[in-house]
Amino acid sequence: MEAVMTGLFVGILFGFVLQRGRFCMNSAFRDAILLKDNVLLKTVFVALLVEMVGFAIMDSAGAIAINPKPFWWGANLLGSFVFGIGMVLAGGCASGITYRFGEGMVGAMTAVLGLAVGGYFTAAGFLKPFKANLQAATTIPGADDGALTLHGILGMDYTVLAIIIVLIALVVWFFIARANKEKYEADPGWGWVNTGILVGIVGILAFPLSAAAGRNYPLGITAGWINIVQVIFTGATFNWIGMLIVGVVVGGLIAALISKEFKFRVPKPLVLLQTFIGGLLMGFGAVTSGGCNIGHLLSGIPQLSLGSILAGISIVLGAWVASYVMFVLPQKKEQ
Amino acid sequence: MSEVKVDKTLDVCGKICPYPDMNTMTTLKKMEKGQILEVLLDYPLSVERIPRNLKKQGHKLISTEQLDGPNHRMLIEAHGLK
Chain A
24 MEAVMTGLFV GILFGFVLQR GRFCMNSAFR DAILLKDNVL LKTVFVALLV
74 EMVGFAIMDS AGAIAINPKP FWWGANLLGS FVFGIGMVLA GGCASGITYR
124 FGEGMVGAMT AVLGLAVGGY FTAAGFLKPF KANLQAATTI PGADDGALTL
174 HGILGMDYTV LAIIIVLIAL VVWFFIARAN KEKYEADPGW GWVNTGILVG
224 IVGILAFPLS AAAGRNYPLG ITAGWINIVQ VIFTGATFNW IGMLIVGVVV
274 GGLIAALISK EFKFRVPKPL VLLQTFIGGL LMGFGAVTSG GCNIGHLLSG
324 IPQLSLGSIL AGISIVLGAW VASYVMFVLP QKKEQ
Chain B
8 MSEVKVDKTL DVCGKICPYP DMNTMTTLKK MEKGQILEVL LDYPLSVERI
58 PRNLKKQGHK LISTEQLDGP NHRMLIEAHG LK
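These protein sequences, in sequence, are chains A and B. Taking the numbering used here, the leading residue of the first sequence gets 24, the next gets one more, and so forth. Taking the numbering used here, the leading residue of the second sequence gets 8, the next gets one more, and so forth.
Among these hints, one or two may not hold up.
Claimed, not checked - Computed footprint of chain A on chain B, listed as stretches where at least three residues anywhere in the stretch have a Cβ under 8 Å from a Cβ of chain A:
hint	region
1	14-23
2	42-49
3	52-64
4	75-87
Read the hints as simulated data drawn from the structure, not as lab findings. C-beta: ideal position from N, C-alpha, C; glycine also.
Assemble the whole structure, with the sequences as input and the hints as a guide.
Take a look at the structure:
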């Protein structure tokens, strides 16, 4: 079996978990301010902590060699901010629109089309010089010209710092939950703890399998869609991340069929245009910043890349600004 | 269960995230206390998320019924203006 085929396997798992767990970072960030609902946000935190533990153990055991993304402060800030705005318009993050493609949501399909087109033109088309110049002009390298990381700055071992961060996060979380007298309420679905753990496990599984296929990085989305565009239009071959995306769509489809949730859902033409434009912004933003919500947030933050941490913050800010303008302001005007 | 008298029906089928939730909430806000809203929706995430947020606003979920596939019918009793 070719090494890229493990991408398909991990993708199917990922798509299945995303669909059944209703995992979406767009909802996670937007709902925190719009609906004051932080259930999905907690899922994201659980997934990050699980991945951090997994990466830390695998890295110290020599099963993987972490490969944090570089710090391009200008590209990280601008690209990810635009990405955050785009995902609110698109009605889903990069992974969200990919599994909903499999669920039969036509608005997600047009968003994905935008993501692939916007991503392709920024990676290999007319926007490439802009992206490359911005990245080069705002690079701050770490020690030995490597990526700038939290453990690098502190002069610590990656595994040690990752474990310390996880422990601190758990203690802080425990006290916040106790202060808020929060009780664990089971959701009608999988529940946020289970979903977070499963997403984290898929991320851990992805790292060594992807590395074995020559791509030393865990999960990502945008690069996979760009690969698919290249396969269709330039005769390129499927790489690991391209196969992963095929898997996510198939996994989402399988999960939707099993749960009898598959249905072609077609929003109004204007909404289709909106999600397409949102996708374009996401594609441009992800490639400029060097990652989407999966590449940077889910895969990069657990590797303690400073670029990914900045990108993550910027995605959240972009999503909040767009949500405020699109949803909160109109409500206020009405009152 | 005896059939509840529906005062208003909201069809949010085909709408993208987060409109199913938002339209439901804004419609409920304009309704009188005790009135019943029927929501027709086909977005699984909202089927799970709307009940959580109803509670916070004081509205009461009467029932969620799965029709066919992802299509659901939700009956909600409005809390009315505070």
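For the region 75-87 of chain B, do three or more residues have a beta carbon lying closer than 8 Å to a beta carbon of chain A?
As far as the region 75-87 of chain B goes, the hint holds, because 4 residues have Cβ atoms under 8 Å from chain A.
Are there three or more residues in the region 52-64 of chain B whose C-beta lies closer than 8 Å to some C-beta of chain A?
holds (count 8)
Would you say the region 42-49 of chain B counts as covered by chain A, given the rule of at least 3 residues with C-beta under 8 Å?
Per the Cβ count (1), the hint is violated.
Chain A over the region 14-23 of chain B, status - at least 3 residues with CB closer than 8 Å:
Coverage by chain A holds here, the residue count being 4 at a Cβ distance below 8 Å.
Comparing the model with each earlier hint shows a violation of hint 2 alone; every other hint is respected.
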